[in-house]
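One line per chain: the protein sequences are A and B, in this order. Counting from 93, one number per residue, gives the positions in the first sequence under this note's numbering. Counting from 4, one number per residue, gives the positions in the second sequence under this note's numbering.
Please keep in mind that the hints were generated in silico from the structure rather than gathered at the bench. Worth double-checking, as some hints may not be accurate.
Stated by the list, open to error - In silico lysine-lysine, DSSO-like type, Cα no more than 27 Å apart, as pairs:
#, chain 1, residue 1, chain 2, residue 2
1, A, K189, B, K128
2, B, K265, B, K179
3, A, K184, B, K128
4, A, K184, B, K147
To be verified - Derived coverage of chain A by chain B (criterion: at least 3 residues anywhere in the stretch with Cβ under 8 Å from a Cβ of chain B; other residues may be distant):
#, segment
5, 178 to 187
6, 192 to 198
7, 201 to 211
8, 236 to 249
9, 256 to 269
All of these numbers come straight from a predicted model, not from anything done at the bench. C-beta atoms are modelled at their ideal positions from N, C-alpha and C, and glycine is treated no differently.
Given next are the chains, with one letter for each unit.
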Amino acid sequence: MNRFTVIGLLLLPVFLTGCIGSAYRAGAPVAERDHPSTQPLPKTGSAHSPEEQPLPRRAADKQEVQIAVYTPPPRFKARPVTSAAVSNLVQKAARQKNSGDMTGAAATMERALRIEPRNAHLWNQLAEVRLAQRQYSQAEDLASKSNALAAADRDLRRDNWLLIAKARRSVGNIAGATLAENRANHSR
Amino acid sequence: MRRRSNSSKRKKTKRRSRKKKSSWLRRWLIKTSLLFCLVIAGYTIYLDYVVRHEFSGKRWAVPARVYGRPLELYSGATLTTDQLLSELKRLGYTNVRYPRQAGSYSRNGSRFLVHTRPFVFWDGKAPGQILDLQFSGRQITSLKTVSGKGVGLARLDAPPVGSIYPAHNEDRVLVKRSELPEKLVQALIAVEDRNFYHHFGVDARAIARAMWANLRARSVVQGGSTLTQQLVKNFFLTRERSLWRKANEAVMALLLERRYRKDEILEAYANEIYLGQDGERAIHGFGLASHFYFKRPLHELDLPRLALLVALVRGPSYYDPRRHPERAKKRRRLVLNIMRDQGLITHQEARHAAAAPLGVTGAKGGRTARFPAFMDLVRRQLHRDYREEDLNSEGLRIFTTLDPWIQQQAEKALATQLKHLGSSENKLESAAVIAGSQSGEVLAVLGGRVPGFAGFNRALDALRPIGSLVKPAVYLAALMQPERYNLLTPLEDEPLSVKSRNGDIWTPKNYDNRAHGIVPLHQALARSYNMATVRLGISVGLDQVASRLQDLGLKRPVKIYPSMLLGAISLTPLEVTQLYQTLAAGGFYSPLRAIREVLTTEGQPLQRYPLTVKQALPADAVYLVNQVLQEVVRSGTGRALVHYISPQMNLAGKTGTTDDLRDSWFAGFSGDKVAVVWVGRDDNRPAGLSGSTGALRVWGNIMQRIQPMALDLLPPESIEVVWVDPASGLRAAAHCRGAIQVPYIVGFSPNEPASCLSKSNGSIFSDLLETFWNE
Numbered sequence: 093m094n095r096f097t098v099i100g101l102l103l104l105p106v107f108l109t110g111c112i113g114s115a116y117r118a119g120a121p122v123a124e125r126d127h128p129s130t131q132p133l134p135k136t137g138s139a140h141s142p143e144e145q146p147l148p149r150r151a152a153d154k155q156e157v158q159i160a161v162y163t164p165p166p167r168f169k170a171r172p173v174t175s176a177a178v179s180n181l182v183q184k185a186a187r188q189k190n191s192g193d194m195t196g197a198a199a200t201m202e203r204a205l206r207i208e209p210r211n212a213h214l215w216n217q218l219a220e221v222r223l224a225q226r227q228y229s230q231a232e233d234l235a236s237k238s239n240a241l242a243a244a245d246r247d248l249r250r251d252n253w254l255l256i257a258k259a260r261r262s263v264g265n266i267a268g269a270t271l272a273e274n275r276a277n278h279s280r
Numbered sequence: 004m005r006r007r008s009n010s011s012k013r014k015k016t017k018r019r020s021r022k023k024k025s026s027w028l029r030r031w032l033i034k035t036s037l038l039f040c041l042v043i044a045g046y047t048i049y050l051d052y053v054v055r056h057e058f059s060g061k062r063w064a065v066p067a068r069v070y071g072r073p074l075e076l077y078s079g080a081t082l083t084t085d086q087l088l089s090e091l092k093r094l095g096y097t098n099v100r101y102p103r104q105a106g107s108y109s110r111n112g113s114r115f116l117v118h119t120r121p122f123v124f125w126d127g128k129a130p131g132q133i134l135d136l137q138f139s140g141r142q143i144t145s146l147k148t149v150s151g152k153g154v155g156l157a158r159l160d161a162p163p164v165g166s167i168y169p170a171h172n173e174d175r176v177l178v179k180r181s182e183l184p185e186k187l188v189q190a191l192i193a194v195e196d197r198n199f200y201h202h203f204g205v206d207a208r209a210i211a212r213a214m215w216a217n218l219r220a221r222s223v224v225q226g227g228s229t230l231t232q233q234l235v236k237n238f239f240l241t242r243e244r245s246l247w248r249k250a251n252e253a254v255m256a257l258l259l260e261r262r263y264r265k266d267e268i269l270e271a272y273a274n275e276i277y278l279g280q281d282g283e284r285a286i287h288g289f290g291l292a293s294h295f296y297f298k299r300p301l302h303e304l305d306l307p308r309l310a311l312l313v314a315l316v317r318g319p320s321y322y323d324p325r326r327h328p329e330r331a332k333k334r335r336r337l338v339l340n341i342m343r344d345q346g347l348i349t350h351q352e353a354r355h356a357a358a359a360p361l362g363v364t365g366a367k368g369g370r371t372a373r374f375p376a377f378m379d380l381v382r383r384q385l386h387r388d389y390r391e392e393d394l395n396s397e398g399l400r401i402f403t404t405l406d407p408w409i410q411q412q413a414e415k416a417l418a419t420q421l422k423h424l425g426s427s428e429n430k431l432e433s434a435a436v437i438a439g440s441q442s443g444e445v446l447a448v449l450g451g452r453v454p455g456f457a458g459f460n461r462a463l464d465a466l467r468p469i470g471s472l473v474k475p476a477v478y479l480a481a482l483m484q485p486e487r488y489n490l491l492t493p494l495e496d497e498p499l500s501v502k503s504r505n506g507d508i509w510t511p512k513n514y515d516n517r518a519h520g521i522v523p524l525h526q527a528l529a530r531s532y533n534m535a536t537v538r539l540g541i542s543v544g545l546d547q548v549a550s551r552l553q554d555l556g557l558k559r560p561v562k563i564y565p566s567m568l569l570g571a572i573s574l575t576p577l578e579v580t581q582l583y584q585t586l587a588a589g590g591f592y593s594p595l596r597a598i599r600e601v602l603t604t605e606g607q608p609l610q611r612y613p614l615t616v617k618q619a620l621p622a623d624a625v626y627l628v629n630q631v632l633q634e635v636v637r638s639g640t641g642r643a644l645v646h647y648i649s650p651q652m653n654l655a656g657k658t659g660t661t662d663d664l665r666d667s668w669f670a671g672f673s674g675d676k677v678a679v680v681w682v683g684r685d686d687n688r689p690a691g692l693s694g695s696t697g698a699l700r701v702w703g704n705i706m707q708r709i710q711p712m713a714l715d716l717l718p719p720e721s722i723e724v725v726w727v728d729p730a731s732g733l734r735a736a737a738h739c740r741g742a743i744q745v746p747y748i749v750g751f752s753p754n755e756p757a758s759c760l761s762k763s764n765g766s767i768f769s770d771l772l773e774t775f776w777n778e
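Can you build the whole structure from these sequences, using the hints too?
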C-alpha cells in the first residue's frame, strides 16, 4: 500500500459527499430531459462523480511544486486502440481532409466505423470532418455519440465537449457553448 | 373488201387508240413510278429516322446495376473460410492452382491466394492484386501481398446483387468496342460475316452462297445476313419471317452503314445481340451473357468460353449450354474450326479449346430476382431522388448495404425454423430485417418464407400489431422521470379496468392469466407483465409513451388510447427495426439506409447517403432499458435463446405476441446488429405461436449463424452503479447479504442505508471504505 493510495482513500469520502451533494442539482432540470432535444443540456452534477475527479498524484512527483488551486494531471495524447486496418483508414481520412476532400474523408471514416462501430475515436473524427464542413448540428450529435462510447477516456471526452462548444458557438448558441466548455474543463 | 377496208379502218382506229392508250399508259407509268419513288423516298426517310432513333436511343438504355457491400479483408477480421469461399463463388472467382489471372484464387488448407479484380469504388479505382490470406479459426490472422508486403486493408469487388431494368425486361452490361476481346471479334466476324469490313450493309455474295447451300441441303442451314442486318433484326425483335421484313432489314442495314462507322456498328451489335433467356428477363449483349453463363466479366473469358458465346449467336435457346450441352459443344467446335481455318488460332489451340468443358456455372449469374425484398427497399429509397427512366437507362452503379452472406444465412435460418413450426399447415409466413446497430445500414431483408420470390414484401408492407414490442417505449418514458422511477421501483401487477373515450371497458390480462402482485419495475418488463405495464403507462402518461415512440424513430402517427400500451399499434417489421436500432445505438437515431452511394456509369461519384446520427433520447434512460432487455434474454421471456446463443453474448431482446396468437414477434440486438422477426399468417388467423415459441426461434437461429458481436453496454457518464438491498430498495454494500448492484441515473440512487450498513459505524462512507480495504 503506497501513500498515494492512502491519500486517495482518505480523499474518497470527500469526493463522494461532493457527488451526492451535487447530485440533487443534477436532478433539477428534469423538464429538459423530456424534450427530445438534439442538443442535450449537459448535466452539471455528474462531472463531479468520483471517477471524473482527478487525483493529485502526479503533482506530488514533481520536484518543484508550484502552488496552485488545481494542478491538472499530465495529459497523455489519446492513443486509440485500433487494428492496423482502421489506422490505415484514419490516416487516409486525415490525408483527404488535409487536401480538402471532406466528402472523401467522411466516406473513409464511415468505412472505418463499419469495421469498428464502437470505436469512440472514429466517431470523434467523423464529427471533426462534419465540423469542417460546417454541418454543425451533425458534428455535435456525432461528438455526443463519441462521448457515449468514450467510457473512461477523459481526453477524448474533453475533445468532444470542445468540439460541441465550437459547433454551438458557430450557430450562435453561446449559452450552450459555454455549458459545453465547462464540461470540457471538468473532463480534464 | 369492205370487210378489209372495214378491217383496215378498224386497224387504223385500233392503232390510233393503241397510240392513245400507250401515251396514256406512259404518262400513267411515269406518274405512278414518280409516286412510287416518292413513297419509297418517304419510307426510306422514315426508316432512316427509325434507324437513327433506335441506334442512338436504345444503345444507351442500360439498367442501373446494384451491388452489395464489398467484403473487407484485414488481419484480425472475423471471417471464416466458408464465408470467404461463398463470397468468391458469388463473385465468380475460379479455383486454380496459381491465381495468375484476376478473378481466380488458390487454396492450401487455411491459406488462400486471391487475385482480386480491379474495381471502381466510390473512393476511386482499386487495382487488382494477389493477396495472401492466412486463416486461423474464425479470423484472418495475416494479410499480405504475394510478394510478402503487409497489407493493412483490402476489399474484394462488390458483389452484383441485381439491376433495375425497364418494364420490357431487357437487361444489359454495356461493353465498349475497346473492351471487346479481339478473339471474340475475330471469331464473330469469321463465323457470322466474313466481309464485315468490306460490305455496305448487305453482302450479295454471302446471300448467294447461303441460297446455294440451302438449296443443296433442301433446308435453311445458312444465313446470308450481315452483322449489320442481324443488328437491325435485333433492334425490332420480330419473329416474323417474310420477304417484306427482309427487304426492310436490307434497306435499314444500308442506311445504318451510311450513317455510322463499322466499329460503332460492331459495338452496338455486341451490346444488342440476343443471347439467352432467364425467365422473363432477356439476355442481350456479350457483356451480360458473360455474367449470365460464366458469372464473370467478358475480359476474363478464355478461348473456349469466347467461342461458346459466338456459337450462341445462331440460336441461344437451341444451343443453350445449360439445357443442351451436346449441341452447344458441337456448335462451339464448328466455331473453333472456322477460326482455325481462317488462321486465327493454331490447330493445337482449337483442339484444346474443343476438348475443354463448357464452363457454364450451374446457377444463372447476374440474376435480379435473387434478393427481391432488399431490392424493393433499394428501389423505394432511390425513387425519392431519381426518376424511373434514369434508373433503368443511365447505367448507374448503385452501392448498397446488403450483406449477401447474412441474407443467405437468414434465409436458411427462416426456412429451417418454419419447417419445424408449421408442420400442420403450410400457411405460416414470416419476415425479417437485419441492420447494423450503430450505423442503421440494412444488411438483409426477408419478405417472406420463400426466398427469391418477388411477391408481397412483408418486411416493408405487412402492417401488424406489435404487441409487447412496444413495452420498452413505456418503460423508457417512465425511466426518463428518474425522480419517480428506477429499475427497482415497485409496480402493481393486479387486474384493472380502463375506460376508453368511447366508453368501452378494457380489462388487460397477463399472458399466464395470473396477477403477480408487487413486482420491481425491471421484472415487469423482463417478464412482460401486462397489468403492471398498463398501470405504469397510464401513470406516466399515454402522450409520453407516444412521444418516446416518435423519438425512437416512428414516423407514423400514433393513436393515443390505452391499448397502445400493450402494442395495439400496427407497424411493419422495417419500422420496428428502426425503433430497436435507436435503442441499440444508445438513444442515437440513425435512419435505416439501404444505399451508400450512387456512381455514374463511368464511375464518377454522383451521390452519397451518409451516416447521420441524432441524439433522440437520453443515454442514461436508454441504458437502463437496455439492461432490462438483456435480462429478458438472460431470465425473462426470451430465455429460450440459450438454445441458440451462448448467454455470454449478453444479447438484448423482447418478445411480442398479439391476441389469440396471431402475431409472433422478436426484436433484439447484439453489439453490432439489430434484428426483427415476425411470424404469422397473411390471412391474420391465429398462428398458434407466441413471441417466444415462434419468432424467437427464427431470430435465435439467424444470430447463431451470423456470429454477432457480444453486447457490452457502456454506462454513460450519468449512470452510477450502487449496491442495493433488493428487498427494501435501500443503499447497501458489497458485504451485505443478498445485496445487488443496480445502475441508477446519477443523483437518483437511494441514500437511505439498509440495515446491514447501520449496524456498523453507522456511516455508509466508512462502509464503502471498508469494502475498499477488503479488496
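Okay, the hints, checked on the actual structure:
no.	hint	result
1	A/K189 x B/K128	holds, 19 Å
2	B/K265 x B/K179	holds, 13 Å
3	A/K184 x B/K128	holds, 15 Å
4	A/K184 x B/K147	holds, 19 Å
5	178 to 187	holds (count 3)
6	192 to 198	holds (count 3)
7	201 to 211	holds (count 7)
8	236 to 249	holds (count 7)
9	256 to 269	violated (count 0)
Of the hints listed earlier, the one the structure fails to meet is number 9.
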